[in-house]
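Assemble the whole structure, with the sequences as input and the hints as a guide.
Residue numbers (the working numbering), protein chains in the order written: chain G, 96 to 321; chain V, 120 to 556.
With the C-beta cut set under 7 Å, the calculated list includes, among others, these residues of chain V facing chain G:
(1) P188
(2) P225
(3) L226
(4) D227
(5) G340
(6) N341
(7) L378
(8) G393
DEER-style ranges, computed between Cβ atoms:
(9) K289(G) / A257(V): 32 to 40 Å
(10) A257(V) / V248(G): 45 to 53 Å
(11) G186(G) / A409(V): 44 to 52 Å
(12) R176(G) / K209(V): 34 to 42 Å
Worth flagging that the hints you see were computed from the coordinates, not collected in a lab. Each residue gets a CB set at the ideal place from its N, CA and C atoms; glycine is no exception.
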Amino acid sequence: MKTKVFALVGLAVLAVLGGFIRSSQHHEMPPPLPPGSQREVRIIVDVSKLVLTLQIDQMTYKKYPIAIGKWHTPTPIGDFRIAEKLYDPGGPFGSRWLGLNVPWGSYGIHGTNQPWSIGWAASAGCIRMFNSDVADLFDLVPVGTSVSIVGYVPQAAVERDLKPGHTGIDVQYVQFRMKQLGFDPGPSDGYFGKRMNAAVKNMQCFYGLSATGMISVDELCILGLR
Amino acid sequence: MGRKIKLAVMAALIVTSLAIAAFFWLTMPPSEYNPRNIYYRLKGYTVNPWIPIPRDRKYELSIWDVDWPIKWQGRYDYEEFLENFIERFKLRYPEINIEVKSNLFPLDQYTKTVEEAHGRGELPTVLAGPWVDSLLNAGCLVPLDPFLSRIDRSLLNEAAKAAVSKEEQLCALPCWLDIRCAVANPALLSQRGLDVDTVAFHGWTPKEFKYIADLAVLDKGNVESVVDLAWTSMQGAEELTANLELVETLSKNRFKGFLDPFWQGEAAVILPVGRGFLRHAIERSGIMEAKEVSGVEYRLVPLPAPTAGSPVYPARLDAVCVPGLIDGGDLPLLRLACELAVELARARSWIASELKGVPASIADVPGWRLRSGIDEVNCQFLLRSLENLRIEATTPSTLPVQKRLLDALRGELGLSLLQGGITAAQCVETLKSAWYP
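See the structure below:
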């Protein structure tokens, strides 16, 4: 009898604590964004804390628990955008799919048919959410929303000369290193675009190299990647 | 006796009145009739610190600078540093309505942007960054002498001062110098029987100059390499030809890149290098230490010159100046701009240690030695080189023909030579049109 009472009391305490923690994570819901809204919506995914934060006008509105990629299929780190939205993709993608513009693979934020995996490094690189949470997020973020995935910067071997138009994780690694040295190549999205080209020229000029706008052996030396 | 007393009283009265007048004049606030304002105007300095600043209007100043990739106090980027500086400057004039806007440009676009703006007559009130020589020749810079003490002026490097002066008026305040030199691997030089200390002190002998081509690499796409090498050998046609032949030989070397072969221990010398190399070498040393890998030792040495004698060091200059039309210009605004420029030049002195340039004022050298992270031997080399600088600028010490030669080399001609399109002999033939126009 005593054991049952203790178990019930324990469960009640856990339920109260759980509710408290959940309520502290949920901020007041923002009103739905009207069409053509000028509000700045941004998603920040912290892979080290397994949390997705939704920001509206630079204010944190809501945080969601997530699952990220396994150690051998890591979630890409960098600055991306939502490229597509799919309603009810089903199967392992759960109730919603928000595709990211990662240039070297198909990655997205989606629901799941394995809700127990949330809070773990369990996916193939995508960001998994509870189906109810992703449905909630789906209505708040338009296509083109900025998604910053932060965490440990992945190291990649740069074994080719890089020039405008190239994509890949090696491009992204160069972007991270350039930012560390104080040159702004734009978003760390793994795409060698115009802005990165201008930043490379600026870096070459600063270090006294010929301004080719391309990454070759000397630039890799400068970046400490060779 | 009575007459003597009268004379003494009169003399005392005159001296006292003169002393009172002098005291009154010297403590006078800035005005049209302030004696020091009159004095400076008579000396040709229309803009000086005794020009009155009416308080019933707004003063809009603008600063153009380079977006330097550095962190102030290790935390703030250069833009934040400038904003902070502007706020502190405005606090000096609480009763005056001043608005200061800053505009930062990438280093590779700065000179072009300034020259284009000059052409359109749209220069800002304060320019800070790489020295644009054409502004001095256009005569549009406000002399800054009245805003500096005699001591401040005497502490400036003589070559730097000459580069920014016109008719003995200081038209810009030099901040720091980018000294162009070569960098050598002492171990590889030693294998060839060369002592790096001797080369660093005395330069390359004519004999050593002949086989430097086997040891050295240069950036085959950077036309400034040709300009720097030409600038060290402007004594005569033979010297210039010899250095251009060196460029021709080096343009055919087998290496890919020039930093990488040096760090791999394949090339013994890189020419030319500047502050960028030093910053890179220091950053690289940190990475190598973290990886617990022993790096390649490097020593700065002078650029090769085919004739014996004291080595010459080409240098580029970073300075702060105030473009403005003196005749009919807005004098109160220009006075504020000059005061802002002088303060900015002082505040920017930390850039030299971050960028690994050398301060133009001796006063900044002790702090630079502590903060720059450049090792003692290379530091001493840079300080020694200050005595024999050659700054590329059209000053009275620069012959117009030299300027024309450098301009010609900086274009397609230099690039063709670097990329093997023409030989040194063909290059010299073409340059003769600049020699004998």
